[in-house]
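Engineer: All chains should be modelled from the sequences, with the hints used to inform the complete structure.
Below, each chain spelled out in residue letters.
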Amino acid sequence: MLAARAQMGTSLAFHFVFSALGIGLPLLLVIVEGLYLRTGDRTYYALARTWAKAMAALFAIGAVSGTTIAFELGLLWPVFMREAGGIIGIPFSAEGFAFFIEAIFVGIYLYGWERLSPRAHWLCSIPIAVSGALAGFFVVCANAWMNTPTGFRLDAHGMPVDVEPLAAMFNPAWPTEVAHTLLAAYIFVGFGVAAWYAFKRLRGDTFGSLHAIRIAMLVGAIAIPIQFVVGDLSARFDAHAEPAKLAALEGQFQTQAGAPLRIGGLPDAAQHRTRYAIEIPKLLSILSFENPNAVVRGLDSFAADRRPPVLFVHLSFQLMVGSATLLLLIAIWWFVLQCKRAEFSRLFLWALVGSGVLGFLAMEAGWMVTEEGRQPWIVQGYWLTRDAVTPAPALDVAFAIFTLIYILLSITLAWLLIRIDRGMDSVQ
Amino acid sequence: MTPEHAAMLLILCAIVLYAIFGGADFGGGVWDLLATGPRREAQREAIGLAMGPVWETNHVWLIFALVALFTCFPPVFAKLSIALYFPLTFALVGIIARGAAFAFRGPSTRDLWIHRAWGQVFGAASILTPFFFGAAAAGVATGTFDWLRPFSWCVGLLAVSLCAQLAATFLCAETRAADLENDFRLRAVAATFAVATFGLIALLAAAKYAPAIFKGLVHAWPAVALAMLAGLVVLTLLWRRRFHSARVAVAIEAAAIFTGWYVAQAPVLRVDLGLQTLAASPATIVTFLWIALVGSAVLIPSLLLLFTIFKRDVSFPPDPLRDARDADENVGTI
Numbered sequence: 000m001l002a003a004r005a006q007m008g009t010s011l012a013f014h015f016v017f018s019a020l021g022i023g024l025p026l027l028l029v030i031v032e033g034l035y036l037r038t039g040d041r042t043y044y045a046l047a048r049t050w051a052k053a054m055a056a057l058f059a060i061g062a063v064s065g066t067t068i069a070f071e072l073g074l075l076w077p078v079f080m081r082e083a084g085g086i087i088g089i090p091f092s093a094e095g096f097a098f099f100i101e102a103i104f105v106g107i108y109l110y111g112w113e114r115l116s117p118r119a120h121w122l123c124s125i126p127i128a129v130s131g132a133l134a135g136f137f138v139v140c141a142n143a144w145m146n147t148p149t150g151f152r153l154d155a156h157g158m159p160v161d162v163e164p165l166a167a168m169f170n171p172a173w174p175t176e177v178a179h180t181l182l183a184a185y186i187f188v189g190f191g192v193a194a195w196y197a198f199k200r201l202r203g204d205t206f207g208s209l210h211a212i213r214i215a216m217l218v219g220a221i222a223i224p225i226q227f228v229v230g231d232l233s234a235r236f237d238a239h240a241e242p243a244k245l246a247a248l249e250g251q252f253q254t255q256a257g258a259p260l261r262i263g264g265l266p267d268a269a270q271h272r273t274r275y276a277i278e279i280p281k282l283l284s285i286l287s288f289e290n291p292n293a294v295v296r297g298l299d300s301f302a303a304d305r306r307p308p309v310l311f312v313h314l315s316f317q318l319m320v321g322s323a324t325l326l327l328l329i330a331i332w333w334f335v336l337q338c339k340r341a342e343f344s345r346l347f348l349w350a351l352v353g354s355g356v357l358g359f360l361a362m363e364a365g366w367m368v369t370e371e372g373r374q375p376w377i378v379q380g381y382w383l384t385r386d387a388v389t390p391a392p393a394l395d396v397a398f399a400i401f402t403l404i405y406i407l408l409s410i411t412l413a414w415l416l417i418r419i420d421r422g423m424d425s426v427q
Numbered sequence: 000m001t002p003e004h005a006a007m008l009l010i011l012c013a014i015v016l017y018a019i020f021g022g023a024d025f026g027g028g029v030w031d032l033l034a035t036g037p038r039r040e041a042q043r044e045a046i047g048l049a050m051g052p053v054w055e056t057n058h059v060w061l062i063f064a065l066v067a068l069f070t071c072f073p074p075v076f077a078k079l080s081i082a083l084y085f086p087l088t089f090a091l092v093g094i095i096a097r098g099a100a101f102a103f104r105g106p107s108t109r110d111l112w113i114h115r116a117w118g119q120v121f122g123a124a125s126i127l128t129p130f131f132f133g134a135a136a137a138g139v140a141t142g143t144f145d146w147l148r149p150f151s152w153c154v155g156l157l158a159v160s161l162c163a164q165l166a167a168t169f170l171c172a173e174t175r176a177a178d179l180e181n182d183f184r185l186r187a188v189a190a191t192f193a194v195a196t197f198g199l200i201a202l203l204a205a206a207k208y209a210p211a212i213f214k215g216l217v218h219a220w221p222a223v224a225l226a227m228l229a230g231l232v233v234l235t236l237l238w239r240r241r242f243h244s245a246r247v248a249v250a251i252e253a254a255a256i257f258t259g260w261y262v263a264q265a266p267v268l269r270v271d272l273g274l275q276t277l278a279a280s281p282a283t284i285v286t287f288l289w290i291a292l293v294g295s296a297v298l299i300p301s302l303l304l305l306f307t308i309f310k311r312d313v314s315f316p317p318d319p320l321r322d323a324r325d326a327d328e329n330v331g332t333i
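Heads up: the protein sequence lines correspond to chains B and P, in order.
Using numbering that gives the first Met the number 0, you'd call the opening residue of the first sequence number 0 and step up by one each time.
Using numbering that gives the first Met the number 0, you'd call the opening residue of the second sequence number 0 and step up by one each time.
Treat the hints with caution; some may be incorrect.
As the list claims (entries may be wrong) - So the derived list for chain B, only partly shown, Cβ under 10 Å to chain P, looks like this:
#1 S64
#2 I87
#3 E94
#4 G157
#5 G263
#6 L265
#7 A268
#8 A269
#9 F359
#10 D395
#11 I404
#12 Y405
#13 I406
I should point out that these hints are in silico values taken from the structure, not numbers from a laboratory.
It should be emphasised that the depicted structure is a prediction, and the values quoted were computed from it without experimental measurement.
From the three backbone atoms N, C-alpha and C, an ideal C-beta is built for every residue, glycine too.
Structural biologist: And the structure:
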């Protein structure tokens with residue numbers, strides 16, 4: 000089972016990056032090509048051509064890694080799919096259509112520069128951004144169902160009956176989880192693109208970098224403060240709907256009234272306590288239940304084999320919140336510089352470079368929090384992950400092969416993107 | 000027709016469309032690998048140009064068929080995934096390699112060794128993926144899920160040659176230069192003979208090794224006859240250089256082969272498994288059909304737009320007059 004989880008986890012973490020790019024990059028393209036049409040500034044045009052080429056490569060990898068996921072759902076978790084497919088397949092089917100539309104307009108957009116009028120070409124970028132976000136919306140709805148399953152009940156034989164697919168799709172967790180994930184995608188892409196151009200500027204290549212940073216930071220800096228509000232809503236939602244996850248991500252072992260908020264620290268599952276954390280008294284109770292003396296359920300109140308891996312979940316959560324806090328500070332710094340119309344110092348550019356890494360870390364860590372925080376369940380409260388796995392042999396070999404493929408793809412892709420970027424000056 | 004049958008029909012349609020469009024993409028890879036003669040690079044360029052705007056869309060048919068299958072018939076999806084773990088995993092590796100290779104050997108890497116290397120990967124994966132899909136489909140058809148038998152290999156080879164036939168025929172219609180058109184015409188004829196050969200061998204192999212499916216194929220004789228007839232029509236149209244009509248004929252041939260495959264195994268589905276008991280709850284099926292209806296209302300116009308922009312007007316080599324016009328419009332842009 001470990002190999003199956005590792006393979007699925009690697010595939011998802013890999014695909015996650017490309018689906019986030021598939022959501023975020025089209026938005027940047029809508030903005031940059033729109034600005035070109037409005038201003039006639041050739042720099043925007045050069046940026047749009049370069050980003051479109053990058054999107055071509057990224058979208059191809061995203062499409063094949065998405066196909067991988069669709070296959071692996073069956074190849075690795077056939078038992079889960081047999082039980083759950085009929086309940087939660089609906090958002091996947093809808094996502095199929097959204098992805099269809101995205102693929103069609105990506106094709107038109109990438110190959111249509113010379114075949115369409117500039118305005119028609121720009122209009123084709125809008126369906127890409129919309130259907131990309133819609134596809135994300137549908138898939139995250141399905142994932143939210145695994146956290147807060149609704150829309151069915153189990154009969155005496157443990158088979159799902161009374162299935163209501165729309166109730167399953169619009170389960171309690173979908174609003175916060177969808178908003179949180181889409182914003183994470185925009186943050187990752189916004190800061191990532193800004194980081195790339197900040198790095199180029201530091202190395203003396205200034206062409207287009209200010210234009211690019213302005214657009215990318217606009218997206219990132221708008222998304223990050225909203226993300227804090229949504230993140231707070233998510234945690235409060237977890238306090239009610241997924242107490243084990245909240246306890247794991249906060250490193251809360253004992254059930255406690257007036258629980259403190261822990262910053263940092265190492266949860267020690269054997270000793271049942273979290274060491275070395277900075278504790279802010281009563282803040283967790285306030286944040287979770289708006290009451291300083293509210294009782295927060297601890298991990299110890301769950302059976303030993305029903306607890307998520309607390310060390311990993313807590314550290315991932317700290318990494319996510321820590322990265323996001325730094326991103327917020329960088330966004331404010333950028334905003335102040337913009338208002339003062341000041342030059343970017345080298346220090347600020349280095350901070351931007353760091354923000355690219357932070358956005359990536361925050362997104363992947365957040366994904367780990369929600370997936371690992373749900374363990375040992377594959378569907379919270381109904382099916383255990385270990386019961387869902389395939390009986391197929393040699394899973395560890397398959398895992399090794401797929402990991403190798405992903406490493407090879409990542410290296411080649413990075414090299415290709417650098418090459419595409421070098422070609423940018425020739426597209427002026 | 001019950002909702003379950005409607006859903007099954009939609010899935011079959013998606014599989015047929017994947018076979019035609021996705022199959023042509025695989026075939027493009029086959030001819031990329033087998034490109035020979037003085038116009039080798041021109042052939043590859045024509046293939047890349049024809050596939051570029053549409054290959055990702057063509058590929059989504061497969062994703063759609065998969066999600067529709069696990070939504071509407073989850074036990075079938077689970078059973079196929081377990082029984083055909085190996086051929087499907089191999090096909091999946093092929094799909095990843097192909098998609099990545101197509102991206103990596105784009106114009107940004109031209110004239111580099113890595114371009115050639117990924118080109119080889121692209122070609123090899125384009126042969127292996129349909130082969131394993133074909134073998135898996137044969138395993139399903141016999142009801143034994145045994146894909147390591149002579150019958151399965153024949154069907155695998157039939158799948159590869161069908162892809163090659165589709166691609167070469169489509170390329171004839173999309174090529175304007177006479178010598179290049181002749182190259183693809185020759186290849187289309189050769190591939191048509193390959194399809195006929197492997198099709199007949201598969202039939203004989205079925206008679207010997209898989210009597211159940213042979214009986215099914217006899218039962219499905221109209222589809223089998225239509226496939227053979229369409230194959231002859233393809234040959235005739237290729238001979239008379241009616242490439243646009245040949246495109247339609249070869250698509251009908253592929254659809255007939257798949258319909259034959261589906262009908263031939265229908266007794267297995269009906270008797271051994273039963274469509275109703277394999278289906279998800281009626282609420283799910285009906286919701287799925289509504290989503291398909293609404294989705295198609297957006298999808299079909301978008302598909303028409305895509306194919307109108309890139310496929311109505313033949314394009315290789317590019318029209319020098321139009322290129323000059325484009326250059327005038329974009330002075331200083333490129």
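Engineer: Please name the hints from earlier in the document that this structure breaks, with their numbers sorted from lowest to highest.
Structural biologist: 4, 5, 6, 7, 8, 9, 10, 13
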